[in-house]
Amino acid sequence: MNDLFIILKQELLLTIIIFVLLTLKVGKEMGNARLLNLVNFLLVVNFLAGFFFPQDGILFNEMYHTNALVILEKNILNLGTLIISLQSYAWLKDHQHVSEFYILLLSTLLGMFFMISSGNLLMFYLGLELSTIPLAAIANFDLGKRKSSEAAMKLIISSAFSSGLLLFGISLIYGTTGTVGFAGITTHISGNPLQVFAFILLLAGFGFKISAVPFHLWTADVYEGSPVAVTSYLSVISKAAVLFVFVSVLYTVFKPLADSWYYMVSLLAVVSITVGNLFAIRQENFKRFLAFSSIAQVGFILVAITGSSAAGSTAVVYFVLIYVFSNLAAFGVISLVSATTGRESISDYKGFYKTNPVLSWVMAIGLFSLAGVPPTAGFFGKFFLLIAGAGKGNYILVTIAAMNMIISLYYYLRVIKAIFMDSNEQPIQPVVIPAYPKLAFLICIAGIVSIGFVRFVYDYIQSLSIGF
Amino acid sequence: MNLNLLILVPMLTAIGILFCKGLKQVRALSLVGALVQLALAFNLLVKYLQERAAGNNAAMLFDYKQAWFTALNINYHIGVDGISIAMILLTAFVVVAGVLVSWTMETLNREFFFLLVFLSLGAYGFFISLDLFTLFFFLELSVIPKFLLIGIWGSGKKEYSGMKLALMLMGGSALLFVGLVGLYFNTATNGGSYTFDLLEIAARKIPVHAQMIFFPFAFLGFGIFTAIFPFHTWVPDGHASAPTAASMFLAGISMKLGGYGCLRVATFLMPDGAAAYSWIIILLATIAIIYGAFATMMQTDLKYINAYSSVSHCGFVLLGIGMLTQTSVTGAVLQMVSHGLMTALFFAVIGMVYSRTHTRQVAQLGGLLKVMPFISSVFVIAGLCSLGLPGFSGFVAEMTVFMGSWQNPDPWYRFATILACASIVVTAVYILRATGQTVMGPITAAHQELGDAGWNEKMAAVLLVAGILVIGVMPFWLNDLVQPGTTLIMTKFLR
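Those sequence lines, one after another, are chains A and B. Residues in the first sequence are numbered from 772 upward in steps of one, following the working numbering. Residues in the second sequence are numbered from 8 upward in steps of one, following the working numbering.
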């Protein structure tokens, strides 16, 4: 009984927080400022609690499992959520429905936790749905904006579609193997055509969730319409969660199909990087821009996944950790600027350095890290992703990915150029940085600057890695 | 000597600059940092010579190794030999001169000096790296500061030039990355674990087929940094648009990163690849030398003149490496040092002229010797060094390259050598024309009242001229310094 609480501690804690917020909603209205203080405090507790009492375990007939790697992945998600919450302060402090926002947000996080811990396709599906449906509700949280509801609509339809694909795949897997448990699938899968087809359906479902090309079409519109906090959550947290599951599913459950998925994933990687990069060049809206750049980043992650080695899974987790810091640094600036001035286009940022030097450097460091430029952590992340991809000797894939680094550098530098070099007749006025976002920026920058040089981060992730 | 100091001093300087207020503090701190670094470089030279004199024949001295990413066998590994020390000395000279000529930089001075110091940090780290990961890290470290320096403080079509430079150098890094990764995964064919360690790879045998594939990637990757034809186009635009100190760093230090890498990484670690592809290297180098020289003749802007002549002169570096004889490779290293000093001096002088006359067009200048005798004399010295007059470093370096190249008995290679030698004549034409028109002749009325160099500019020029003269008059000490390093590289070809 005790085990149950310890093994499920992260999920239980989140549930408790959700219930606390619900109860608060019933009682006397609390001022937004106090409520945000409370929520951020709870999230800090939630994040820190992840580090105590780690215990491996299996629950509910192998439906649920946890181990050190899973706990680490959940901690990364917790950290990202905390940063996003801190960054959204400026946007939320005047919003009418703060507690609803957090209830929905944390529900999705809870769904992701169950998804990461799932040992069974049904459990996985349940977690996935819990992590997407509330998201559609908060994508609509800029209540007065049509674009926001459009984004929510597109998100819900596209995730329903991908869920359909996933379910079809799951049912075929069940039909051919007679089980939905991960362990059972691995032993019964033989690679007959129907199973490969089922796997393709699953892959498509995953492709939607991580917005890999050609399943990316919803991404840019949804990112553009949603409030910045939700956009950053979508592009960092929910993507990271699905990627974690994707790696472990590919490396353990579908290991017998490794020969088939190797080529499929390589193909996805190449098109994702290339298409994401080429489309990012032409974007004017900052959120759309980051949407396409995140598609390209996913492509890079897929390159590492094809390596199917311990180095591959290490690189993915390591890169995602870095990606959380770097992408959130960029999103944090956008979030703050958007909340105070309402301007979101790249050309608005011309001359930004003259009025907001601190925010400019935060943005620049975040973008450099995304571009993979040393000494930022992104350099190490990209290096290890590509080296993991090269482990199988597929140098063509690695060459294509490396060449794409040039294109990605180009569009990131375009933004840098707008911020530092261009002049603007109506620059964004100096933005006051409240304490919470300041803390968030500090965390991000500290992460970006230090991760590559702090050895134990990589070593620790490496000690937990899976692969074959 | 602890080599970490070479990285630590610029790093601390850079961090310190962030906390400085006002131009005076910033430039004082930058200068102190640069001078400390120069002192360290000399100290390193002395200690190195003492060690060698005491009979220490290890390939790399003062090495320091610290595990970085154990699982991938990536280490932070640094150490020096004569070649690295020559490059470090060059860097230290150019950095001090660069800080001095930027003495009156007004706009965003803190950022400017921060980026300059940061750029030098990348160069120092690169030259002492003995691990390919560390080396690649430091090489890429220097790309973005260049972009920002050109884009923010540059002139003319600065954004275009900065972007072009950043993207082409990133392209070089991308190619190099593939080369390095391919090399890494071929280091364990005879057992053992994969490694990025330079000396360890050199001791192992890389399969010939892998060398054939990955040598071009690595060589071309580094080659782009040193303006290999046809990937030289970032050089003229980048140099011309950059602010003076950045031009000096670019041409004086950054282009040398490429040459050093071609030699130390591509050629040293993949000798069979180098031998097989040397004809292509020589072909490209010869084209760069001839084409660069003729292109320079057509230029009217002083910075473009020096930039195109840099393409031509860096061709000699590649020619020396491609010829694969002991003398020619030594010559390539000498040429790197010599060209670094000479071109930094040239850019410094051009910057001084431009800051007074506000033009770089040769046709609009003239008779500057009358109003600024010091600057004009230095201009002439730089020019004479560039065209290879005996007594200056240029002569020593180019002569060594030609001698070494001729030692390669292949008739086509000798033909290339002759062509390269002939380019000297073209060099003389454009240098003499540019210096003559700028320094001599009647002076433009608007320039009558201009003043000569300030103390900081004089110091910068004297420092660089001293370097050029010391190499020119006493070439043997540099030669002796570099020789063991090149011998080590050439032993790979004697098997």
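The set of hints was computed from the structure by calculation and includes no laboratory data. Just so it is clear, CB atoms sit at the ideal spot from N, CA and C, and this is done for glycine as well. Treat the hints loosely; a few may be bogus.
[Claimed, not checked] Below, computed lysine-lysine pairings styled on DSBU-like, alpha-carbon distance capped at 35 Å:
(1) B:Lys28 / A:Lys1209
(2) A:Lys1125 / B:Lys164
(3) A:Lys864 / A:Lys925
(4) A:Lys1125 / B:Lys31
(5) B:Lys377 / A:Lys1188
(6) B:Lys31 / B:Lys499
(7) A:Lys799 / A:Lys918
[Claimed, not checked] Examples of chain A residues toward chain B, derived with CB under 8 Å:
(8) Pro1145
(9) Phe1150
(10) Thr1170
(11) Ala1173
(12) Met1176
(13) Ile1177
(14) Arg1226
[Stated by the list, open to error] Quick partial rundown of chain B residues pointing at chain A, CB under 7 Å, derived from the structure:
(15) Phe76
(16) Glu147
(17) Ile151
Quick one, are lysine 799 of chain A and lysine 918 of chain A close enough, alpha carbons at most 35 Å?
-> holds, 33 Å
Supplied contact hint for phenylalanine 1150 of chain A, tested at 8 Å Cβ to chain B = holds, 7 Å
Have a go at the methionine 1176 of chain A hint: is there a Cβ in chain B nearer than 8 Å to its own Cβ?
-> holds, 5 Å
Between lysine 1125 of chain A and lysine 31 of chain B, does the CA-CA distance stay at or below 35 Å?
-> At roughly 21 Å apart (the allowed maximum being 35 Å), lysine 31 of chain B and lysine 1125 of chain A satisfy the hint.
Interface hint compliance - isoleucine 1177 of chain A to chain B, C-beta minimum distance less than 8 Å = holds, 5 Å
Chain B contact restraint for proline 1145 of chain A - C-beta distance below 8 Å = This hint holds: proline 1145 of chain A lies near chain B, its Cβ roughly 5 Å from the closest one there, short of 8 Å.
Are the Cα atoms of lysine 31 of chain B and lysine 499 of chain B separated by 35 Å or less?
-> The given pair, whose Cα atoms are some 51 Å apart, is violated under the 35 Å limit.
Hinted contact isoleucine 151 of chain B with chain A - closest CB pair below 7 Å = holds, 5 Å
Would you mind confirming whether the straight-line C-alpha gap from lysine 864 of chain A to lysine 925 of chain A stays at or under 35 Å?
-> The hint holds at about 27 Å.
Let me know if the C-beta of arginine 1226 of chain A comes in closer than 8 Å to any C-beta of chain B, holds or violated.
-> For arginine 1226 of chain A, the interface hint holds, since the closest Cβ of chain B sits about 6 Å away, which is under 8 Å.
Interface hint for glutamate 147 of chain B, Cβ within 7 Å of any Cβ on chain A = holds, 5 Å
Quick one, are lysine 28 of chain B and lysine 1209 of chain A close enough, alpha carbons at most 35 Å?
-> Distance of about 23 Å is within 35 Å: holds.
Hints 5, 6, counting from the list given before, are not met by this structure.
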